[in-house]
Amino acid sequence: MNKKMLSLPYLFWCAAFILIPLFMVVYYGITDKTGAFTLENICAIATAEHSKALWISILLSLISTLICLLLAYPLAMILAHMNVNQHSFVVLIFILPMWMNFLLRTMAWQTLLEKSGVINSVLEFLHLPALNIINTPSAIILGMVYNFLPFMVLPIYNSLTKIDPNVINAAKDLGANGFDTFIRVTLPLSVPGIISGITMVFVPALTTFVISTLLGGSKILLIGNVIEQEFTQTGNWHLGSGLSIVLMIFILFNMILSAIFDKDGEGNTL
Amino acid sequence: MKDVLVNLEHISKSYGNQLVLDDLNLYIRENEFLTLLGPSGCGKTTTLRILGGFEQPDKGRVIFEGQDITNLPANKRQLNTVFQKYALFTHMTIAENIAFGLKIKNKSKSYIDDKIKYALKLVNLDGFEKRMPDSLSGGQQQRIAIARAIVNEPKLLLLDEPLGALDLKLRQDMQYELIRLKNELGITFIYVTHDQEEALTMSDTIVVMNQGYIQQIGSPERIYNEPENAFVADFIGDSNIIGATMIRDRLVEILGAKFDCVDEGFGENKPVDVVIRPEDVMLVKPEEGTIEGVVTHLIFKGVHYEMEVMAAGFEWLVHSTQMCAVGTKVGIKVDPFNIQIMNKPESEDEEAAKLDE
Numbered sequence: 089m090n091k092k093m094l095s096l097p098y099l100f101w102c103a104a105f106i107l108i109p110l111f112m113v114v115y116y117g118i119t120d121k122t123g124a125f126t127l128e129n130i131c132a133i134a135t136a137e138h139s140k141a142l143w144i145s146i147l148l149s150l151i152s153t154l155i156c157l158l159l160a161y162p163l164a165m166i167l168a169h170m171n172v173n174q175h176s177f178v179v180l181i182f183i184l185p186m187w188m189n190f191l192l193r194t195m196a197w198q199t200l201l202e203k204s205g206v207i208n209s210v211l212e213f214l215h216l217p218a219l220n221i222i223n224t225p226s227a228i229i230l231g232m233v234y235n236f237l238p239f240m241v242l243p244i245y246n247s248l249t250k251i252d253p254n255v256i257n258a259a260k261d262l263g264a265n266g267f268d269t270f271i272r273v274t275l276p277l278s279v280p281g282i283i284s285g286i287t288m289v290f291v292p293a294l295t296t297f298v299i300s301t302l303l304g305g306s307k308i309l310l311i312g313n314v315i316e317q318e319f320t321q322t323g324n325w326h327l328g329s330g331l332s333i334v335l336m337i338f339i340l341f342n343m344i345l346s347a348i349f350d351k352d353g354e355g356n357t358l
Numbered sequence: 074m075k076d077v078l079v080n081l082e083h084i085s086k087s088y089g090n091q092l093v094l095d096d097l098n099l100y101i102r103e104n105e106f107l108t109l110l111g112p113s114g115c116g117k118t119t120t121l122r123i124l125g126g127f128e129q130p131d132k133g134r135v136i137f138e139g140q141d142i143t144n145l146p147a148n149k150r151q152l153n154t155v156f157q158k159y160a161l162f163t164h165m166t167i168a169e170n171i172a173f174g175l176k177i178k179n180k181s182k183s184y185i186d187d188k189i190k191y192a193l194k195l196v197n198l199d200g201f202e203k204r205m206p207d208s209l210s211g212g213q214q215q216r217i218a219i220a221r222a223i224v225n226e227p228k229l230l231l232l233d234e235p236l237g238a239l240d241l242k243l244r245q246d247m248q249y250e251l252i253r254l255k256n257e258l259g260i261t262f263i264y265v266t267h268d269q270e271e272a273l274t275m276s277d278t279i280v281v282m283n284q285g286y287i288q289q290i291g292s293p294e295r296i297y298n299e300p301e302n303a304f305v306a307d308f309i310g311d312s313n314i315i316g317a318t319m320i321r322d323r324l325v326e327i328l329g330a331k332f333d334c335v336d337e338g339f340g341e342n343k344p345v346d347v348v349i350r351p352e353d354v355m356l357v358k359p360e361e362g363t364i365e366g367v368v369t370h371l372i373f374k375g376v377h378y379e380m381e382v383m384a385a386g387f388e389w390l391v392h393s394t395q396m397c398a399v400g401t402k403v404g405i406k407v408d409p410f411n412i413q414i415m416n417k418p419e420s421e422d423e424e425a426a427k428l429d430e
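Line order of the protein sequences matches chains A and B. Under the working numbering, the first residue of the first sequence is numbered 89, with each subsequent residue one higher. Under the working numbering, the first residue of the second sequence is numbered 74, with each subsequent residue one higher.
Next comes chain A alone, as it looks inside the complex:
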């Protein structure tokens, strides 16, 4: 009984800031302004404007996730092969930017990428063509990859370090060369880490509106931006909530997928 009492503060927190808001989102999402039940807000995702935003969001998130995976896997492999002293230093360097505010880091990219920003000034000085990617999908992908890459590296790194070196030795012992060993043994054994990493990059990328606002200008609307606008500008909480529910279903699907593959909890280390 005493031990259960200890969880009360958290339960209160949980109720006040997770359960009640969640309930309110669902309530707003399935009612209209008069308070009558309706599925209109949820079905609104089918309108051209909204479905386009959702489609772009999914597309950009998938591309970002893929780039993160391609960058992170080799890095995680190098890290996993380093000795303890070396790798804790490299991991520290890698995590260091995460201790800075997310918003600040994204705004820094804005300054770097601007038409008359740092990068273009340097390029101009070197008489090279200017880089015009600010306010394009490329800039948003760049922002996503930059911000979410560590979330891909760490779970993969964790799953790789869990592989018994003798399992790799066994593959070589049985005649497999480096490539065969990677494809048949290392890669399959790191799948839980890959799935965790994909979830941990894809979900925040799908829902972000800060990166798209700062680096995409107001030209590219992601589903996150649409929902944000419904709450802050249009003031239609019902529609905003309805669209949120749709987004949550996507995230839930992704979570289930990762729960199936990631039984060891590689993603729980962050």
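I should point out that these hints are in silico values taken from the structure, not numbers from a laboratory. Nothing false has been slipped in among the hints.
Distance condition first, Cα-Cα at most 27 Å in a straight line; then the derived DSS-like pairs of lysine-lysine:
| # | chain 1 | residue 1 | chain 2 | residue 2 |
| --- | --- | --- | --- | --- |
| 1 | B | K176 | A | K250 |
| 2 | B | K149 | B | K132 |
| 3 | B | K228 | B | K182 |
| 4 | B | K178 | B | K194 |
| 5 | A | K250 | B | K203 |
| 6 | B | K255 | B | K242 |
| 7 | B | K158 | A | K250 |
| 8 | B | K255 | B | K228 |
| 9 | B | K331 | B | K343 |
Assemble the complex: chain A is given as a structure, and chain B must be docked to it using the hints.
For chain B alone, kept in the frame of chain A given last:
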């Protein structure tokens, strides 16, 4: 004498400042069951890893069937390894595990299927094809690891403490299983263990190692009955190791009493170590023994009684089927051929090796 299969020539290996192997020379004959025996850190596993191709020696050569394979990577070597903690591929079924090496070599499906069946039968695990490694017990997993290695028909099988993780009963069963496998397959086995009983049970040849040096090479009987130094005597079985003086050939003075022995050629009045196995110490009436003593401890061990006898300032370990109660005055007698004379260690290394135990 059979042909030499593997020759290790002047192998040295160190990790950082720590010398693990120092100028090791060893040959292994075809169809031999050779055991590398020693305490942890003696270099036995490093020797095996150098043979397997997972470590490169700093100096020296590995000769396999007359070919220098020192720089040949592990996947090109005609030998297979059974690892300590099985190292099975947990994401594959048992059949896929066993087929791994054959698939790499692009063998036909029917050949692979036959081999899987044959290997599972050999290790007494018929019908396990579809199971996953995690659903098997430790002993079963180890047998799969052996099956996975032998389907490749290696000339040489390396086994790195394969029974270390199993319980006593299973370990004993597996020992007989391994001997049977070796005889059926005709493959040369190199076996690494720190368990002296395992080594005595299975081996044709035992190589006792300590601190990167080979202490003695010989048949189990020879290693047990005629240890060359105190380390070997102490490591293989229980023993009484006593400082003594060799008065002349066939006569040794132990703890002030003169014992007849059978060893010759140590010189006169030379300090030596003698080893007397506890089962070779005979307890007789006080007046009949060479030394008189008093029984201080008595433990019933099942097959025999284990006693400690305080005599001439030394605590003698005695195994006997005859019980002598604590406090009994006894005489100690040893047959001449049961006294094994050994040279005192000469180098500091050997001294250190002895202290380590």
